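K.L.:
Taken in sequence, the protein lines are chains A and B.
According to this note's numbering, the stretch in the first sequence is residues 9 to 327, in order.
According to this note's numbering, the stretch in the second sequence is residues 9 to 327, in order.
It should be emphasised that the hints constitute simulated quantities derived from the structure, not laboratory data.
Remember, predicted model here, so these are calculated numbers, not experimental data.
Take the hints with a grain of salt, since some may be wrong.
Identical copies go unnamed one by one, so any copy, or any two together, can satisfy a pair.
Said to hold, decoys possible - DSSO-like, lysine-lysine: derived pairs with alpha carbons at most 30 Å apart: (1) LYS106 to LYS159; (2) LYS236 to LYS71; (3) LYS299 to LYS38; (4) LYS71 to LYS50; (5) LYS65 to LYS215; (6) LYS299 to LYS106.
Chain by chain, the residues:
Protein chains: 2
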Amino acid sequence: MKEEVCFGVDIGGTSVKIGIFSMKGKLIDKWEIPTRTTERGKNILSDIADSINESLKVKGIEKNQVTGVGLGVPGPVKEDGTVLVCVNLGWGIFNVAKELSELLSIPVKAANDANVAALGEMWQGGGKGCMNIVMVTLGTGCGGGIILDGKIVAGTHGAAGEIGHAPALAEEDIIGVCGCGKRGCLEQIASATGIAKMATKYVDEFKMPGMLSGNNNISAKAVLDAAKKGDETAILVVEKMACYLGNSLACICAVVDPEIIVIGGGVSKAGQYLIDTIQKHYKEKVFDALKDIKFALAKLGNDAGIYGAARMVATEADI
Amino acid sequence: MKEEVCFGVDIGGTSVKIGIFSMKGKLIDKWEIPTRTTERGKNILSDIADSINESLKVKGIEKNQVTGVGLGVPGPVKEDGTVLVCVNLGWGIFNVAKELSELLSIPVKAANDANVAALGEMWQGGGKGCMNIVMVTLGTGCGGGIILDGKIVAGTHGAAGEIGHAPALAEEDIIGVCGCGKRGCLEQIASATGIAKMATKYVDEFKMPGMLSGNNNISAKAVLDAAKKGDETAILVVEKMACYLGNSLACICAVVDPEIIVIGGGVSKAGQYLIDTIQKHYKEKVFDALKDIKFALAKLGNDAGIYGAARMVATEADI
Numbered sequence: 009m010k011e012e013v014c015f016g017v018d019i020g021g022t023s024v025k026i027g028i029f030s031m032k033g034k035l036i037d038k039w040e041i042p043t044r045t046t047e048r049g050k051n052i053l054s055d056i057a058d059s060i061n062e063s064l065k066v067k068g069i070e071k072n073q074v075t076g077v078g079l080g081v082p083g084p085v086k087e088d089g090t091v092l093v094c095v096n097l098g099w100g101i102f103n104v105a106k107e108l109s110e111l112l113s114i115p116v117k118a119a120n121d122a123n124v125a126a127l128g129e130m131w132q133g134g135g136k137g138c139m140n141i142v143m144v145t146l147g148t149g150c151g152g153g154i155i156l157d158g159k160i161v162a163g164t165h166g167a168a169g170e171i172g173h174a175p176a177l178a179e180e181d182i183i184g185v186c187g188c189g190k191r192g193c194l195e196q197i198a199s200a201t202g203i204a205k206m207a208t209k210y211v212d213e214f215k216m217p218g219m220l221s222g223n224n225n226i227s228a229k230a231v232l233d234a235a236k237k238g239d240e241t242a243i244l245v246v247e248k249m250a251c252y253l254g255n256s257l258a259c260i261c262a263v264v265d266p267e268i269i270v271i272g273g274g275v276s277k278a279g280q281y282l283i284d285t286i287q288k289h290y291k292e293k294v295f296d297a298l299k300d301i302k303f304a305l306a307k308l309g310n311d312a313g314i315y316g317a318a319r320m321v322a323t324e325a326d327i
Numbered sequence: 009m010k011e012e013v014c015f016g017v018d019i020g021g022t023s024v025k026i027g028i029f030s031m032k033g034k035l036i037d038k039w040e041i042p043t044r045t046t047e048r049g050k051n052i053l054s055d056i057a058d059s060i061n062e063s064l065k066v067k068g069i070e071k072n073q074v075t076g077v078g079l080g081v082p083g084p085v086k087e088d089g090t091v092l093v094c095v096n097l098g099w100g101i102f103n104v105a106k107e108l109s110e111l112l113s114i115p116v117k118a119a120n121d122a123n124v125a126a127l128g129e130m131w132q133g134g135g136k137g138c139m140n141i142v143m144v145t146l147g148t149g150c151g152g153g154i155i156l157d158g159k160i161v162a163g164t165h166g167a168a169g170e171i172g173h174a175p176a177l178a179e180e181d182i183i184g185v186c187g188c189g190k191r192g193c194l195e196q197i198a199s200a201t202g203i204a205k206m207a208t209k210y211v212d213e214f215k216m217p218g219m220l221s222g223n224n225n226i227s228a229k230a231v232l233d234a235a236k237k238g239d240e241t242a243i244l245v246v247e248k249m250a251c252y253l254g255n256s257l258a259c260i261c262a263v264v265d266p267e268i269i270v271i272g273g274g275v276s277k278a279g280q281y282l283i284d285t286i287q288k289h290y291k292e293k294v295f296d297a298l299k300d301i302k303f304a305l306a307k308l309g310n311d312a313g314i315y316g317a318a319r320m321v322a323t324e325a326d327i
């Protein structure tokens, strides 16, 4: 094979996902290696380099066919590729892009993993065809990514798109204190954890009736399933979450005015019902010029990170 | 004179400000012409072209010494220079940059006036030396502009930076309905109008005592002056405004993570006291990674628009 390729790498706390892509965004192959977080994560980059070199050998690809390696990192990353801190991997401050590039003799670009996932959804996922997107990931926490003109907004401290920690809750004590130490963060309600906690509170403390009562370990999925079946307590929880998220999205859109909002993460498996509920509250809150901004479900699931990472270095990307 | 120059033009509802600048951002000369809004504003661009041509003649500048004309327009403008609507000028949808460029035979770039003012403050004002800024203009209304990597974020509908219409107020009925038709917009409290209305309500309806009572026409300036002198009612109003604005800024910073927040507009004449009060509330609300984002007063006053407009076309700008 002679055509150019690029690599997308998504570093997680337990495994590193690696994908090899065509310039047009076609996934040629993907695999995973363990994340060796021992010894302050000093082997992670060399493990990635070894795996990429091995794959080039097996596939008979020359280094000069590789336009670059994109890297998603679970922590704040500045535009020049400097990681500021990465607790899960044991890393301190250093230029991760420069270091991996030296190991591989291939150009490397790095960015925060949530931002990279947003770029992936723009390239080949729910935001395909758009250049300005806001992505919200409703998982254990609430992540986000802002893409403008087809590029990640990294921010001065690598913290752009950290919408889960935007102050959002008027009733600051619905849930308690956020992991970041503040009260009232959007993530405290707009996340699987937030949905489960709020439902548990309503059922256990307020003795609200319905399908969820008697469940000792209420999950976000149980809440969303019950809401879809018409359970009033569950509907109340979902509407409340959607109300706060819709309000925050109305703020975010007044700042960056995207073409589309893409909703991903485990909670988004609830599908169109979730999108419709969030969009209803968004439209009530946003000012008129922005009320027709589209909403879409993310499409790439756990592969969004490798797609987005590859997109950073896909020089002839079909955008 | 042989060196290259550029023009910055700021179209207002009653007058058009025009400035001629060096590439380094030195204002060489400035003047104003009336805005002829009659006949759906059809003469505005030709009046600007005539005035620029006249000034080139008087100053002995050749057209090939002019790198371009930047234009600030009081309405939403897309990145390609298309105005979407401009009620104050009588304009509908057309490409204002293209039309002025054809009249002048000089390259023209156009953007929304609040966004252009933000770019001006980045170039030669309160945000000088920074490439990522959020500007807030507290005037009759509340305007905003987002600059990332030294460039205006225009948005899909030309509505990026419209932070005055971000939903912000939990007590949605403090002031009533915003001019945009929604309740709870930030502008309803974070503006000269908002400050004056809230103070009037506190004094007239709630009979709060102090320097403002007995004043039948309370202005924002009177409120800020009284607050600086220690008047408790006035302090309550300023703290409340700063609390909501600080909260919104904490959201905005979680989205775009700027280097600096620049506060301008008539209300900002209250100076460091205002900045300190807003920053205090901001720090209480924002998440830790962003708590040291700088705050500064705008410096260019009514000239911010012509500076920013010129910056769009200053090809060798000293940034």
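K.L.:
How do LYS65 and LYS215 come out at 30 Å by Cα distance, when the copy is not named: within, between, both, or neither?
P.N.:
neither (62 Å within a copy, 81 Å between copies)
K.L.:
Give the relationship of LYS71 and LYS50 under a CA distance limit of 30 Å: within one copy only, between copies only, both, or neither.
P.N.:
Classified as within: same-chain Cα gap 24 Å, cross-chain 59 Å, threshold 30 Å.
K.L.:
When no copy is specified for LYS106 and LYS159, does a C-alpha distance of 30 Å or less occur within a copy, between copies, both, or neither?
P.N.:
Classified as both: same-chain Cα gap 20 Å, cross-chain 26 Å, threshold 30 Å.
K.L.:
Under a CA distance limit of 30 Å, which applies to LYS299 and LYS106: within one copy, between copies, both, or neither?
P.N.:
Close across copies (28 Å), not inside one copy (42 Å); limit 30 Å.
K.L.:
Could you place LYS299 and LYS38 in one of the four classes (within, between, both, neither) given a Cα distance threshold of 30 Å?
P.N.:
neither (39 Å within a copy, 39 Å between copies)
K.L.:
Given a CA cutoff of 30 Å, do LYS236 and LYS71 count as a within-copy pair, a between-copy pair, both, or neither?
P.N.:
neither (51 Å within a copy, 66 Å between copies)
Violated hints, in rising order: 2, 3 and 5; the structure is consistent with all others.
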